[in-house]
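Protein chains: 2
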Amino acid sequence: MLDLEPYSARLGGKTGIYPYKIKVDRYLSDLRGYFLEEQIVEEMLSRNENPLIYTVYEISREFEGEFNVGCTIIYPGKIGDEYYFTKGHYHAKEQTSEVYVGLSGEGIILMQNREGRTFAEEIKPKTVVYIPPGFAHRSINTGKTRLVFLAIYPSNSGHDYETIMRTGFTKIVVERDGKPTLIDNPKYRKKL
Amino acid sequence: MLDLEPYSARLGGKTGIYPYKIKVDRYLSDLRGYFLEEQIVEEMLSRNENPLIYTVYEISREFEGEFNVGCTIIYPGKIGDEYYFTKGHYHAKEQTSEVYVGLSGEGIILMQNREGRTFAEEIKPKTVVYIPPGFAHRSINTGKTRLVFLAIYPSNSGHDYETIMRTGFTKIVVERDGKPTLIDNPKYRKKL
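Chains as they are written, first to last, in the working numbering: chain V, 1453 to 1644; chain Z, 1453 to 1644.
No lab work stands behind these hints: they were computed from the structure. If you're wondering where the values come from, they're calculated on a predicted model, not measured in any experiment. One or more hints might be untrue.
Which copy? The list can't say, so a pair holds if one copy fits it or any two copies do.
Once the Cα atoms are required to be at most 20 Å apart in a straight line, the calculated EDC-like pairs of lysine to aspartate or glutamate come out as [stated by the list, open to error]:
#1 Lys-1530 with Glu-1516
#2 Lys-1473 with Glu-1573
#3 Lys-1545 with Glu-1457
#4 Lys-1578 with Glu-1558
#5 Lys-1545 with Glu-1516
#6 Lys-1466 with Glu-1495
#7 Lys-1596 with Glu-1567
#8 Lys-1631 with Glu-1516
#9 Lys-1473 with Glu-1518
#10 Lys-1631 with Glu-1558
#11 Lys-1631 with Glu-1567
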């Protein structure tokens, strides 16, 4: 029961949350195969261009019934017309949900369940987005500044990245006439 | 599966969160027996003075593994030297936790477990407070404006108000020399 203590943390600043326990950086090379225009990604990597796409700072916990609190920072940028995003995942434990609280910047939370039902919600300061059980979720930075949001989810929810890596999301978010636009993902594959 | 859909909600404004599903008002008469100076409460009520102490606006959900998202607004005020507070409760389901996100105003989150281990954390804008499993929690408005914060917790966590009603918290928060001060609660009773 050593760690079963309350804590408080500050929001804002460089890391979005402080103090934190874990920092995870995701570079373009970690998202190989995720973007529509794979050839652009491969060309960049072959030139040793490997931009940082997003960082997660997290306060993880370990006991039954606990919550993790994480802060995700997605940097502004695009691969071709497609905005930078997080890999996206289902929770390994199906009956778990997640709550996002926007802190700065602007973006879209893309959600879909295993039947392909898809939802998109805007994330920005003073906005809460609720991800119910069974919905994969990806965050997309559609703005010109860092997108920063808080995520609260059960410590034991786990991550299934593999399904999304194989199927993609039904939709992607691209810039059209200077504006973020949701379009069908030509590479989406129904789960085999 | 009718209700198992994502949503987004706006933070701020009069209700703290919008849209919401449920509104609960707690007046002084609902907190009879909770404050240290019971005679002041009884005198006020006998004069038909029954101020609104706090309001909760909530988006409740109903399926396995879902989260409720609530916004609590505690109005500024005192009974004697003791600042307005929420009743405080344990979760009926022990292995559940809760996360608070401060939105406006300032206050204290008082937490204690069934062995009487007590913690106090400040709540204010850009602050997260984590309430681990097994900890009763009460929120106290120590400022001159509304204290507004977001609460995220499992939909099936339930409320045990009865234990705190019987024992009280180990500590209370009172004004001393114009400042909020944590003191031992003379009326605290170890659980019988």
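Intra- versus inter-subunit Cα pairing at 20 Å for Lys-1631 with Glu-1516: Result: close neither inside a copy nor across copies, 44 Å intra and 38 Å inter.
Same-copy or cross-copy closeness of Lys-1545 to Glu-1516 [CA-CA at most 20 Å]: both (13 Å within a copy, 12 Å between copies)
Intra/inter-copy verdict for Lys-1545 and Glu-1457 if alpha-carbon distance must be at most 20 Å: Answer is between; shortest inter-copy Cα gap is 18 Å, intra-copy 25 Å.
Homo-oligomer pair classification [Glu-1567, Lys-1596; C-alpha up to 20 Å]: neither (33 Å within a copy, 50 Å between copies)
Intra- versus inter-copy proximity for Glu-1495 and Lys-1466 (alpha-carbon distance at most 20 Å): Neither way: Lys-1466 and Glu-1495 sit 30 Å apart in one copy and 52 Å across, limit 20 Å.
Up to 20 Å CA-CA - Glu-1516 versus Lys-1530, copy category: neither (39 Å within a copy, 38 Å between copies)
Alpha-carbon proximity between Lys-1631 and Glu-1567, which holds within one copy, between copies, both or neither at 20 Å: Answer is neither: 29 Å inside a copy and 56 Å across each miss the 20 Å cutoff.
Homomeric proximity label, Lys-1631 with Glu-1558: Cα distance no greater than 20 Å: Classified as within: same-chain Cα gap 12 Å, cross-chain 39 Å, threshold 20 Å.
Alpha-carbon proximity context of Lys-1473 and Glu-1518, limit 20 Å: Answer is within; shortest intra-copy Cα gap is 15 Å, inter-copy 26 Å.
20 Å Cα threshold - placement of Glu-1573 relative to Lys-1473: Between copies only: 19 Å across, 29 Å inside.
Up to 20 Å CA-CA - Glu-1558 versus Lys-1578, copy category: both (11 Å within a copy, 18 Å between copies)
In summary, the numbered hints that this structure violates are 1, 6, 7, 8, 11.
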